[in-house]
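**Student:** One-letter residues, chain by chain:
There are 2 protein chains.
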Amino acid sequence: MIVILTGGTGGAKLVQGLSLEIDPKELIIVCNTGDDFITYGLHVSPDLDTITYTLAGIHDPSKGWGIKDDTFTVLEWLGKYGGETWFRLGDRDLATHIRRSALMRQGRSLSQVTARIRKSLGIEAVILPMSDDRVETRVITPRGEISFQDFFVKTRCADEVEAVLFAGVENSRPAPGVIEAIREANGVILCPSNPVTSIGPILAVPGVRTALRESRAPVIGVSPIIGGAPVSGPAHKLMAAMGMEVSALGVAKAYADFLSTLLIATEDGNLAGGIRELGINSSATSIRLDSIMDRRRVAHEVLALL
Amino acid sequence: MIVILTGGTGGAKLVQGLSLEIDPKELIIVCNTGDDFITYGLHVSPDLDTITYTLAGIHDPSKGWGIKDDTFTVLEWLGKYGGETWFRLGDRDLATHIRRSALMRQGRSLSQVTARIRKSLGIEAVILPMSDDRVETRVITPRGEISFQDFFVKTRCADEVEAVLFAGVENSRPAPGVIEAIREANGVILCPSNPVTSIGPILAVPGVRTALRESRAPVIGVSPIIGGAPVSGPAHKLMAAMGMEVSALGVAKAYADFLSTLLIATEDGNLAGGIRELGINSSATSIRLDSIMDRRRVAHEVLALL
Numbered sequence: 366m367i368v369i370l371t372g373g374t375g376g377a378k379l380v381q382g383l384s385l386e387i388d389p390k391e392l393i394i395v396c397n398t399g400d401d402f403i404t405y406g407l408h409v410s411p412d413l414d415t416i417t418y419t420l421a422g423i424h425d426p427s428k429g430w431g432i433k434d435d436t437f438t439v440l441e442w443l444g445k446y447g448g449e450t451w452f453r454l455g456d457r458d459l460a461t462h463i464r465r466s467a468l469m470r471q472g473r474s475l476s477q478v479t480a481r482i483r484k485s486l487g488i489e490a491v492i493l494p495m496s497d498d499r500v501e502t503r504v505i506t507p508r509g510e511i512s513f514q515d516f517f518v519k520t521r522c523a524d525e526v527e528a529v530l531f532a533g534v535e536n537s538r539p540a541p542g543v544i545e546a547i548r549e550a551n552g553v554i555l556c557p558s559n560p561v562t563s564i565g566p567i568l569a570v571p572g573v574r575t576a577l578r579e580s581r582a583p584v585i586g587v588s589p590i591i592g593g594a595p596v597s598g599p600a601h602k603l604m605a606a607m608g609m610e611v612s613a614l615g616v617a618k619a620y621a622d623f624l625s626t627l628l629i630a631t632e633d634g635n636l637a638g639g640i641r642e643l644g645i646n647s648s649a650t651s652i653r654l655d656s657i658m659d660r661r662r663v664a665h666e667v668l669a670l671l
Numbered sequence: 366m367i368v369i370l371t372g373g374t375g376g377a378k379l380v381q382g383l384s385l386e387i388d389p390k391e392l393i394i395v396c397n398t399g400d401d402f403i404t405y406g407l408h409v410s411p412d413l414d415t416i417t418y419t420l421a422g423i424h425d426p427s428k429g430w431g432i433k434d435d436t437f438t439v440l441e442w443l444g445k446y447g448g449e450t451w452f453r454l455g456d457r458d459l460a461t462h463i464r465r466s467a468l469m470r471q472g473r474s475l476s477q478v479t480a481r482i483r484k485s486l487g488i489e490a491v492i493l494p495m496s497d498d499r500v501e502t503r504v505i506t507p508r509g510e511i512s513f514q515d516f517f518v519k520t521r522c523a524d525e526v527e528a529v530l531f532a533g534v535e536n537s538r539p540a541p542g543v544i545e546a547i548r549e550a551n552g553v554i555l556c557p558s559n560p561v562t563s564i565g566p567i568l569a570v571p572g573v574r575t576a577l578r579e580s581r582a583p584v585i586g587v588s589p590i591i592g593g594a595p596v597s598g599p600a601h602k603l604m605a606a607m608g609m610e611v612s613a614l615g616v617a618k619a620y621a622d623f624l625s626t627l628l629i630a631t632e633d634g635n636l637a638g639g640i641r642e643l644g645i646n647s648s649a650t651s652i653r654l655d656s657i658m659d660r661r662r663v664a665h666e667v668l669a670l671l
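Sequence order for the protein chains is A and B. Residue numbers for the first sequence follow our numbering, so the first one is 366 and each next one is one higher. Residue numbers for the second sequence follow our numbering, so the first one is 366 and each next one is one higher.
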């Protein structure tokens, strides 16, 4: 059994490759929920949904979020009523949020709802939220503290970032099964997700980091940074704000206490020595995940390292 | 200023005619909310919405509910997730329920939200819910007490009806403006809506019936029953269950304590004597409201009686 820690868009590409290279029943995928937010009274879980849609084969590969061929009728009409429309909720996607919110209002936990949704879509891999408790990634900017979605979607990462915090994380508990999965895993994979706001919140849930440190199974990461720049998203800005070096070496340092091996880009081969000094192996290869072929190949290499 | 009491589909036809025959700014429309219900955590107000969509010119004339050209993508996907789909929520229609529910969760009253929505759609007539308090029409059947939507939509009026009750009505208050409107009206119009479950709940809100009795302005009704059968809907079954005669005379009796004049169908002219004995005038004419022309003509006749 393999445990995968992941955020949304970037991580989903490797998750897709892994699900095609190994029996999905052997995968337990732990998702970041720090980006979750409430809009129109609906609980939106962007990373859980991106992973779910990807594994169901209904994701929108061109956008990197949402469901393919989705329409935006509800959002258009919410706009007519004076509602906010900057978070692009598609109609099919909205059904997920409506269903999730209704079940949660009836007392179901986020992990129970996530299980029901993925089973409805025929997904065999287990998908777990990092926590059933509310943890909210907040970005400190010169104009004040804002939500991650405000930073990431509404203002498209335009704000200067002073710091990032995970509100509520101290009192959060890992979702049922997360710690057990890490303890019993034959291997743990860290997706090429943003180390600050995608993997960071998962590691900040009390107990998760310790379980990784104590794991006897190898922990393999894939660098989200190639040659000093993130493959996608605002990792650069966020890593710099947190005082991290924006490179595969910076990524290795962030995970130094539990990582066995980091897959880095061929052009970052010169960083192998520095990573080695942290007690982490590295393997340089092409780690771009643009095509399905790339995703399967990198997944295959990661699995070979386990 | 004219006050209109109405339910959904049937009443909306006369409301449409009235809005075309008189300056809509002079209309205050009081809607039944006994059919309101919560589905997927969303507050659905079928009659308020049918009236709102009709006045905005976006209603679906073929169905008698919902918004024209609407799609059902969200509902289809809710079905994939194992959710209930018997209540046909269109995508455009859903935006109304999502917006309303979000604003109500923020503390806005149903009447405040109704005002915002109708203004967003450019409606000049005032639309008021009968009450901001929750009043729920319940149908007593041999299989137990069920909601009105369960009776009306889910099982298509198949259940035998033993009685109807309006849960919560004793402690409800008329929405702000309802009593004042009736007191200050130059005329009150009762739409050809079901007297049991459309007009009945409005009259049951404490203070409304008394205000109608004390009104010095004429109160004009249009019969929803033609020749012993309702024009549409389950009025027949519901009236019979409540011990009412299923005829224009039965309608007159239900409103005898405050009605000035009842417009009845030409073929019901023979009931004029019985209605007269109740102290109510009647006027026999063609009261079918199939075409816009019919609706305007009947509206014109009602306004002439005021």
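Read the hints as simulated data drawn from the structure, not as lab findings. Treat each hint with caution, since some may be false.
Copies of one chain are not kept apart here, so a pair can be met inside one copy or by any two copies together.
[What the hints assert, rightly or not] Calculated lysine-lysine pairs in the PhoX-like style (CA-CA distance at most 20 angstroms, straight line):
hint	residue 1	residue 2
1	K484	K428
2	K618	K433
3	K519	K602
4	K433	K445
**Student:** Each hint: holds or not?
**Tutor:** Hints, verified against the model:
{"no.": "1", "hint": "K484 x K428", "in the structure": "neither (24 angstroms within a copy, 35 angstroms between copies)"}
{"no.": "2", "hint": "K618 x K433", "in the structure": "neither (37 angstroms within a copy, 58 angstroms between copies)"}
{"no.": "3", "hint": "K519 x K602", "in the structure": "within (16 angstroms within a copy, 53 angstroms between copies)"}
{"no.": "4", "hint": "K433 x K445", "in the structure": "between (24 angstroms within a copy, 16 angstroms between copies)"}
Checked against the numbered hints given earlier, the structure breaks hints 1, 2 and satisfies all the rest.
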